[in-house]
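Residue numbers (the numbering used here), protein chains in the order written: chain A, 25 to 113; chain B, 6 to 228.
If you're looking for bench data, these hints aren't it; they were derived computationally from the structure.
Any given hint might turn out to be false.
[What the hints assert, rightly or not] Keeping only pairs whose Cα atoms sit at most 20 Å apart, straight-line, the calculated SDA-like set for lysine to any residue is:
id	chain 1	residue 1	chain 2	residue 2
1	B	LYS47	B	PRO86
2	B	LYS74	A	GLN77
3	B	LYS74	A	THR83
4	B	LYS74	A	GLY78
5	B	LYS74	A	PRO55
6	B	LYS74	A	ILE103
7	B	LYS74	A	ILE57
8	B	LYS74	A	ILE85
[What the hints assert, rightly or not] Far from chain A, by Cβ distances over 10 Å, these chain B residues were calculated:
id	residue
9	ILE8
10	ILE19
11	ILE40
12	LEU82
13	TYR129
14	TYR130
15	PRO149
16	PRO163
17	ARG169
18	MET181
19	ILE191
Keep in mind the model is a prediction, meaning the values are calculated, not measured.
A virtual CB, placed ideally from N, CA and C, is assigned to each residue, including glycine.
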Amino acid sequence: MDPQTAITGRELILAASAIGAGLAMIAGIGPGIGQGYAAGKAAEAVGRQPEAQGDVIRTMILGQAVAETTGIYGLVIAIILLFVQPLLG
Amino acid sequence: MNIEMTLTLFGNEIFIPSTIINSWIIVILLSIFAIVVNRKLKKVNAAEKPSGLINVIEMSVEGVQSLVKSTMGDKNLGFVPYIGTLAIYLAVANLFGLLGFKPPTSDYNVPLALALITFFMTQYYGIKSKGLGGYTKSFFEPIPFLAPLNVIGELANPVSLSFRLFGNILSGVIIMGLLYGALGWIAPIVTPALHVYFDLFAGLIQTFIFIMLTMVFVSMAME
Numbered sequence: 025m026d027p028q029t030a031i032t033g034r035e036l037i038l039a040a041s042a043i044g045a046g047l048a049m050i051a052g053i054g055p056g057i058g059q060g061y062a063a064g065k066a067a068e069a070v071g072r073q074p075e076a077q078g079d080v081i082r083t084m085i086l087g088q089a090v091a092e093t094t095g096i097y098g099l100v101i102a103i104i105l106l107f108v109q110p111l112l113g
Numbered sequence: 006m007n008i009e010m011t012l013t014l015f016g017n018e019i020f021i022p023s024t025i026i027n028s029w030i031i032v033i034l035l036s037i038f039a040i041v042v043n044r045k046l047k048k049v050n051a052a053e054k055p056s057g058l059i060n061v062i063e064m065s066v067e068g069v070q071s072l073v074k075s076t077m078g079d080k081n082l083g084f085v086p087y088i089g090t091l092a093i094y095l096a097v098a099n100l101f102g103l104l105g106f107k108p109p110t111s112d113y114n115v116p117l118a119l120a121l122i123t124f125f126m127t128q129y130y131g132i133k134s135k136g137l138g139g140y141t142k143s144f145f146e147p148i149p150f151l152a153p154l155n156v157i158g159e160l161a162n163p164v165s166l167s168f169r170l171f172g173n174i175l176s177g178v179i180i181m182g183l184l185y186g187a188l189g190w191i192a193p194i195v196t197p198a199l200h201v202y203f204d205l206f207a208g209l210i211q212t213f214i215f216i217m218l219t220m221v222f223v224s225m226a227m228e
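This is chain A alone, in the form it adopts within the complex:
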């Protein structure tokens, strides 16, 4: 093979890290669905009981923050793969 176009091990690892970072961000689907569901339920609750709006919004934001955790783990892994590059050793 032509040595000018041969892929080195370093380039292969970098390319695989970029694909892995993209795959890790698929984790964003879960929190998206979960947070949307929580927001929908909160909208229903406010519609049924408008005077409790403050409490409903506070509880909703707290629950959404906890639901977001798995997405943030995926984001942190993607950031580590892209910027820290642990696989290059």
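Given the coordinates of chain A, assemble chain B onto it according to the supplied hints.
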């Protein structure tokens, strides 16, 4: 703006990143602010209506007090100073990105330190209010078989708490950096709306979530 420095201590070179220096700037600014407010408060007449800066300060203190009261109960009002300090520091640190600095919370050191304070506070108040026996027993509930899971669940709290703050702020910094790099000279037209979302909205929401979760963890450990 990026200020970085290298300290030499006992022959070892210590690199200090810009986020730590920004954190020092925030601490100095907040200390000066506290001294100014303290001077003003001493001169104020309690019988008169508050005005200007004192009015704003009183409103925010009352806001934190009512938040702590509704989340942790009436007898835990002693947590107000800590929660208020956390709220002011985190809000200023997250909003520091608007001034062109790198926000200190986008460095994992800062969220991890704050989350560890919450973690040790949770354990300390758990032991203090339940006693050592009750505290140990709470890990063996509902059945003793689940003890390892309970311990892992307790250790995962500071990790998730710190990663949530860090991930949200850092993702904002990265996306804004990419946009400024890609757009070039039209960036000032497009980015203000995104600054409002990533710095103002996300920063204040994450501040609120961090102090709410701290209060919930501590009051759950005390029950």
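Hint-by-hint comparison with the structure:
no.	hint	in the structure
1	B:LYS47 / B:PRO86	holds, 19 Å
2	B:LYS74 / A:GLN77	holds, 18 Å
3	B:LYS74 / A:THR83	holds, 15 Å
4	B:LYS74 / A:GLY78	holds, 15 Å
5	B:LYS74 / A:PRO55	violated, 30 Å
6	B:LYS74 / A:ILE103	violated, 38 Å
7	B:LYS74 / A:ILE57	violated, 32 Å
8	B:LYS74 / A:ILE85	holds, 18 Å
9	ILE8	holds, 21 Å
10	ILE19	holds, 20 Å
11	ILE40	holds, 33 Å
12	LEU82	holds, 19 Å
13	TYR129	holds, 23 Å
14	TYR130	holds, 20 Å
15	PRO149	holds, 27 Å
16	PRO163	holds, 12 Å
17	ARG169	violated, 5 Å
18	MET181	holds, 15 Å
19	ILE191	holds, 26 Å
In terms of the numbered hints stated before, the structure departs from hints 5, 6, 7 and 17, listed from lowest to highest.
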